[in-house]
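If you're matching them up, the sequences are chains A and B in order. For the first sequence, this note's numbering begins at 11 and goes up steadily by one. For the second sequence, this note's numbering begins at 2 and goes up steadily by one.
Everything labelled a hint here was simulated from the structure, so no lab data went into it. Where a beta carbon is used, it is the ideal one built from N, C-alpha and C, also for glycine. One or more hints might be untrue.
Said to hold, decoys possible - Subject to a maximum C-alpha distance of 30 Å in a straight line, what follows is the list of computed BS3-like cross-link-like pairs (lysine-lysine):
hint, chain 1, residue 1, chain 2, residue 2
1, B, K246, B, K426
2, A, K36, A, K216
3, B, K389, B, K426
4, A, K113, B, K389
5, A, K345, A, K36
6, A, K113, B, K426
Stated by the list, open to error - Residues on chain A that point at chain B, a partial pick, calculated with CB under 10 Å:
hint, residue
7, G89
8, V93
9, P107
10, G320
11, V325
12, L386
13, G396
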Amino acid sequence: MILGADVGGTFTDLVLVDGDRLTTAKIPTSEVQSDAIASGIDQMAGGRPIDVFVHGTTVATNTLLERSGARTALVTDDGFEDVIEIGRQDRPSLYDPYDDRPKPLVNRTDRHGVSDSDAAVAVGEASAIAIALVAGHERADDERQIAARLRELGFDGPISLSSTVAPEFREYERTSTTVLNAYLTPGTSRYLSAMEDTLVATERLKRMAVMRSSGGLISPEAAATLPASILLSGPAGGVIATAAFAGRTGHSRVVSFDMGGTSTDVCRIDAGGYDVSYEREIAGYACRLPSAGVHTVGAGGGSLAWIDAGGSLRVGPQSAGANPGPACYGRGETKATVTDANVVLGRIAPDARLGGTLAIDRTLAVQAMEPLAEALGITVDAAARGILAIAEEVMAGAIRTVSIEQGADPRGAYLYAFGGAGGLHATALARSLGMAGVVVPPHCGVFSALGLLLAPPRSELAQSIFVTGDDLSAAVAVADALASEASIALEEAGHIAGTVRFTVDVRYIGQSHEIGVPWSRDESMAVISQRFHDVHMQRNGFARSEDPTEIVTIRCTAEGTPGLSLDDLTFQSVGDGPPSSSRVIGTRHGDAEAMVLPRESLAEGTVIDGPAIIEESEATTFVDIGERAVVTSDGSMEVSW
Amino acid sequence: MVSVDPIVLEIMRNQLSSIAKDMGIVLRNTSFSPNIKERVDCSAAVFTPDGEMLAQAEHIPVHLGSMPASVRAVMDVFGSAPEQGVQYAVNDPFAGGTHLNDLTLVRPVHVGGDVVAWVGNRAHHADVGGEAPGSMPAHATTVGQEGIIVPPMIASRDGVWSDEFLVPFLEATRTPAERRGDLSAQVGANEAGALRLGALIGEHSGGDFGSIAGALLSYGEKRMAAAIAALPDGASSFTDFMEWKGDLVPISVTVRVSGSELTADFTASADQVAGNINAVRAVTRSCLSYAVRVATDPSIPATGGAHRPLELITRPGSIVEAQAPVAVAAGNVETSQRIADVLLGALAQFAPDRVPAASQGTMNNVLIGNDTFAYYETVAGGQGARPKRDGQSGIQTGMTNTRNTPITSLVAHYPFEITRYRLRKNSGGEGAFSGGDGIERGIRFLEPSTLSLMGERRSTSPWGLAGGGDGSSGEDWLITSSGDRVRLDAKCTVEVEPGDELVVLTPGGGGWGSGSGVAT
Numbered sequence: 011m012i013l014g015a016d017v018g019g020t021f022t023d024l025v026l027v028d029g030d031r032l033t034t035a036k037i038p039t040s041e042v043q044s045d046a047i048a049s050g051i052d053q054m055a056g057g058r059p060i061d062v063f064v065h066g067t068t069v070a071t072n073t074l075l076e077r078s079g080a081r082t083a084l085v086t087d088d089g090f091e092d093v094i095e096i097g098r099q100d101r102p103s104l105y106d107p108y109d110d111r112p113k114p115l116v117n118r119t120d121r122h123g124v125s126d127s128d129a130a131v132a133v134g135e136a137s138a139i140a141i142a143l144v145a146g147h148e149r150a151d152d153e154r155q156i157a158a159r160l161r162e163l164g165f166d167g168p169i170s171l172s173s174t175v176a177p178e179f180r181e182y183e184r185t186s187t188t189v190l191n192a193y194l195t196p197g198t199s200r201y202l203s204a205m206e207d208t209l210v211a212t213e214r215l216k217r218m219a220v221m222r223s224s225g226g227l228i229s230p231e232a233a234a235t236l237p238a239s240i241l242l243s244g245p246a247g248g249v250i251a252t253a254a255f256a257g258r259t260g261h262s263r264v265v266s267f268d269m270g271g272t273s274t275d276v277c278r279i280d281a282g283g284y285d286v287s288y289e290r291e292i293a294g295y296a297c298r299l300p301s302a303g304v305h306t307v308g309a310g311g312g313s314l315a316w317i318d319a320g321g322s323l324r325v326g327p328q329s330a331g332a333n334p335g336p337a338c339y340g341r342g343e344t345k346a347t348v349t350d351a352n353v354v355l356g357r358i359a360p361d362a363r364l365g366g367t368l369a370i371d372r373t374l375a376v377q378a379m380e381p382l383a384e385a386l387g388i389t390v391d392a393a394a395r396g397i398l399a400i401a402e403e404v405m406a407g408a409i410r411t412v413s414i415e416q417g418a419d420p421r422g423a424y425l426y427a428f429g430g431a432g433g434l435h436a437t438a439l440a441r442s443l444g445m446a447g448v449v450v451p452p453h454c455g456v457f458s459a460l461g462l463l464l465a466p467p468r469s470e471l472a473q474s475i476f477v478t479g480d481d482l483s484a485a486v487a488v489a490d491a492l493a494s495e496a497s498i499a500l501e502e503a504g505h506i507a508g509t510v511r512f513t514v515d516v517r518y519i520g521q522s523h524e525i526g527v528p529w530s531r532d533e534s535m536a537v538i539s540q541r542f543h544d545v546h547m548q549r550n551g552f553a554r555s556e557d558p559t560e561i562v563t564i565r566c567t568a569e570g571t572p573g574l575s576l577d578d579l580t581f582q583s584v585g586d587g588p589p590s591s592s593r594v595i596g597t598r599h600g601d602a603e604a605m606v607l608p609r610e611s612l613a614e615g616t617v618i619d620g621p622a623i624i625e626e627s628e629a630t631t632f633v634d635i636g637e638r639a640v641v642t643s644d645g646s647m648e649v650s651w
Numbered sequence: 002m003v004s005v006d007p008i009v010l011e012i013m014r015n016q017l018s019s020i021a022k023d024m025g026i027v028l029r030n031t032s033f034s035p036n037i038k039e040r041v042d043c044s045a046a047v048f049t050p051d052g053e054m055l056a057q058a059e060h061i062p063v064h065l066g067s068m069p070a071s072v073r074a075v076m077d078v079f080g081s082a083p084e085q086g087v088q089y090a091v092n093d094p095f096a097g098g099t100h101l102n103d104l105t106l107v108r109p110v111h112v113g114g115d116v117v118a119w120v121g122n123r124a125h126h127a128d129v130g131g132e133a134p135g136s137m138p139a140h141a142t143t144v145g146q147e148g149i150i151v152p153p154m155i156a157s158r159d160g161v162w163s164d165e166f167l168v169p170f171l172e173a174t175r176t177p178a179e180r181r182g183d184l185s186a187q188v189g190a191n192e193a194g195a196l197r198l199g200a201l202i203g204e205h206s207g208g209d210f211g212s213i214a215g216a217l218l219s220y221g222e223k224r225m226a227a228a229i230a231a232l233p234d235g236a237s238s239f240t241d242f243m244e245w246k247g248d249l250v251p252i253s254v255t256v257r258v259s260g261s262e263l264t265a266d267f268t269a270s271a272d273q274v275a276g277n278i279n280a281v282r283a284v285t286r287s288c289l290s291y292a293v294r295v296a297t298d299p300s301i302p303a304t305g306g307a308h309r310p311l312e313l314i315t316r317p318g319s320i321v322e323a324q325a326p327v328a329v330a331a332g333n334v335e336t337s338q339r340i341a342d343v344l345l346g347a348l349a350q351f352a353p354d355r356v357p358a359a360s361q362g363t364m365n366n367v368l369i370g371n372d373t374f375a376y377y378e379t380v381a382g383g384q385g386a387r388p389k390r391d392g393q394s395g396i397q398t399g400m401t402n403t404r405n406t407p408i409t410s411l412v413a414h415y416p417f418e419i420t421r422y423r424l425r426k427n428s429g430g431e432g433a434f435s436g437g438d439g440i441e442r443g444i445r446f447l448e449p450s451t452l453s454l455m456g457e458r459r460s461t462s463p464w465g466l467a468g469g470g471d472g473s474s475g476e477d478w479l480i481t482s483s484g485d486r487v488r489l490d491a492k493c494t495v496e497v498e499p500g501d502e503l504v505v506l507t508p509g510g511g512g513w514g515s516g517s518g519v520a521t
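Extracted from the complex, chain A is given alone in its bound form:
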């Protein structure tokens, strides 16, 4: 019996799999996060212990956003103490002198420059230390020696080394990642051990694993020493679940589309694989640890509509958030949101209850829309349509970012829609981008939690090394060392390292943009170069196949077996939910009578011609005029036109 729990700001999503039986729950997130999970286990597991509990957590993210991490000291080379503050020296906004860079996580008095690695450093009140020499990626011994000296001097808190956390060459990004890691370590470590202790001590579970930003699982102990690797733990679950469903259906090119209240996450998945990104900024701080190539835009159901000084209708980036939420929630917001537009057009039921309790008031949505309509000289309906069209353009932009901008054509790909609002906007988006169709998978309200169970245990390591020419012996030596270290890490967490993969970051000599390409350690430089030219051609439209290339970083991934495969589950088409009804809604061709169907009543093979609304707890799907949804054997709805 395995459990996935994805803790969000408002709700904790739970998916439990027992044999081939899957149950889900959505519980308000508790102040102490383990409380909600414990009560979920009590409801769902019938008193038996969970074998493996996979946790998607926002603990590291929240610590960063709330700036509640440890007081952190930085030890670096003498003369380079402020690399962490200067960063890349650019400013976030060209024209806004008030749009400040985030404050460094190490204040000036806690930055210590040393000129030799035996120096005695007094770190004062700091409770975590980051050691990041300018060339730390090739000075691991010196960083270890500094750490040893700090221990001798009596420091017993966590120490993060840049040569361990992110041994890549760019010093600011490496230092920032190392500092982030040190800053997050005490809080994350406390949280995870409290969670594990509470749930294990009360015999609710046997073992726990944590989702990494990259979509692999690590042990709580490993996560506690590398918390910068779980900053994007949440969105990764949705990507993994999408990849699994797409793989089973045979869709080789898909984009995941997770639309919630305040933001929307999209990710491109080709042939079951997704890009892993090493160049992220999280809350303005550079983080060079791997994360699924998810692109997030601040547009969701709660995005506020407004009219700017030039008389143009705008949507977002301000959001009504989870509280007060959209105007129709009746909790004090008076400005119109994307959700209100959906309510005005009847796509969300005027009497819907969110989370089973919160009733929606359509009158409030209309009232919120009126000032906008008046200012624009159009009807309330037209204003609502305008808000949706603009929000959908912002989201289409996000899909372009993960497709066209990376040299991948979205035409012919499928859009996998989930999250509370994904199904409301997916077909309009997919049509505007020329995509092949939309898939709304089952359990789409808790889809990311399901993905947690489908993720493999994984250990990921990297090392920068500059290699030119045909002799790869140095690269092979680094690869072997990384592979051995990664496999040991997996085995220590109780897994068998099933597969070990390498990628190498390659660039044209002299160019400063590298591309990661797969490599097996017996392949020659010529093979690597050809692969690099091919990807360069695909992404950028040209390649310089006669120009010499160089390797700059080697990356290793060791992976075990996921706890769950989709094939372990069977879809039970219930077909006996509440009866269908109908109501008038705003479609793309004006108002029309639409069928309204409860999702749980849909059996395999059911065909639904738009306009139609399919409702389930925490999610709604809109099938427009001219579109047709078919329920497939795994319980997905596949929409085409």
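Starting from the known structure of chain A, arrange chain B on it as the hints suggest.
Chain B alone, transformed into the frame defined by chain A:
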């Protein structure tokens, strides 16, 4: 004017911005030089058939207000019905450029045989020939000494380079392989932009897009007019100085606000000088666009329409409207900072709660090279303190926003090492809110090289506001291998030997408000 659905307008605005952004990404990802990929010294934009800017990728302020001049200069030479599949190059500061390093490539976008738009991008080439590596020789008096001049000309046709452009350009530069790589990236970026823009416009009929473009320009105009109307009417003058061979050269502006119109009159500024600190009018125009946004509403879209409520008055032959063939390399990178300073100084009278004290006011250009390499960087400094907030330290301000190149990447590719890179403590001006600190950067040379410096605020200081103190002036030192410390002129070209170390101390920002350190 035909009225355009406000919703269609907002969608098109997003799409055009996204096309400009895409072009910038292609340019960065495919360029060869650290200067473009790491430092992002480049910009991209979309224009109307008349060369008015419709959308931009936010990169470098001094590029953006001046790029429309490049499109217009091409039209002046080739007419308003250019050939299909052709890309044009220009860097001539007196015909669409700003200084020679910045090479702009523009490309018309055709639908059904008609020009419906232009796309363009500008990139800083680290060396374009001239009398010192990096192409900013301190002693230059005419533009011909600063490198190769590219008047508007055909750069490529259907993806094939025009030898008339490429051969002399590559012959002129000290680093032809790197230049060729960057040029390919520039061409590729325009092709990518043209492809998407053509498809987008094709979805609308040509006439529709014309009225959409018109509405977008008029939208920008409305936003700017609303921002100016929020300022009180009146006039305010401000003068500040460029440092030139021991003299101070005044730049003076009078800003007048009347209703929703703003005039910036630079007539009283000094004549152009026999040196390279002269700015062409396109640079001054960029500064005006920049300063008004900073002082009012930073979110005004940077379209040609937004410039309509702004009137710029300059005097031909003055330091803010240089005439051929005077040298101009520093006009773009140094004088532009002072022009922005005087504009903000004058605008502070209209928006005292918004305008910061003076920021470092220089780009601290450092150029190093010999026959085998050309390296260029600008070093950040202190931001001026804001009303109710300290200035930030070690950050790019004003007309540039280029990044640094990672030290670990520099030492792998160039014959020098970095000896220090840290904040210059207490260099920000005092006040109720302190100016940001400048930077201390040290470079030790490993090969005989030519070093050019191009900096400002070495004898003058970034001013404080509302009683705040001035920021510290910058300093440049050469510490020779024998241990001698030599104060360098901030505008110099010198030969350096292995073991010599350059130390640049960049200025701090001015303070804001009297008193000191009273944080609220």
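Results of checking the hints against the structure:
Restraint check for K246/B and K426/B: satisfied, since their Cα atoms lie roughly 29 Å apart, inside the 30 Å limit. Proposed proximity of K36/A and K216/A is supported: the alpha carbons are some 22 Å apart, at most 30 Å. Proposed proximity of K389/B and K426/B is supported: the alpha carbons are some 21 Å apart, at most 30 Å. Proximity of K113/A to K389/B is assessed by CA-CA distance (about 17 Å); at most 30 Å being required, the pair is judged to hold.
Between the alpha carbons of K345/A and K36/A the distance comes to roughly 28 Å, so the proposed pair stays at or under 30 Å and holds. Proposed proximity of K113/A and K426/B is supported: the alpha carbons are some 17 Å apart, at most 30 Å. Checking G89/A against chain B by beta carbon gives a least distance of about 3 Å; that is within 10 Å, so the hint holds. Hint status for V93/A relative to chain B: holds, with the closest Cβ pair at about 6 Å, below 10 Å.
A least Cβ separation of about 5 Å between P107/A and chain B falls short of the 10 Å threshold, and the interface hint therefore holds. Of the supplied interface hints, the one on G320/A holds, with its beta-carbon coming within about 4 Å of a beta-carbon of chain B, less than 10 Å. This hint holds: V325/A has a C-beta 8 Å from the nearest C-beta of chain B, less than the 10 Å allowed. For L386/A, the suggested interface contact is upheld, since its CB lies about 6 Å from the closest CB of chain B, less than 10 Å.
For G396/A, the shortest C-beta to C-beta distance to chain B is roughly 4 Å, which falls under 10 Å, so the interface hint holds.
When held up to the earlier numbered hints, the structure conflicts with none and fits them all.
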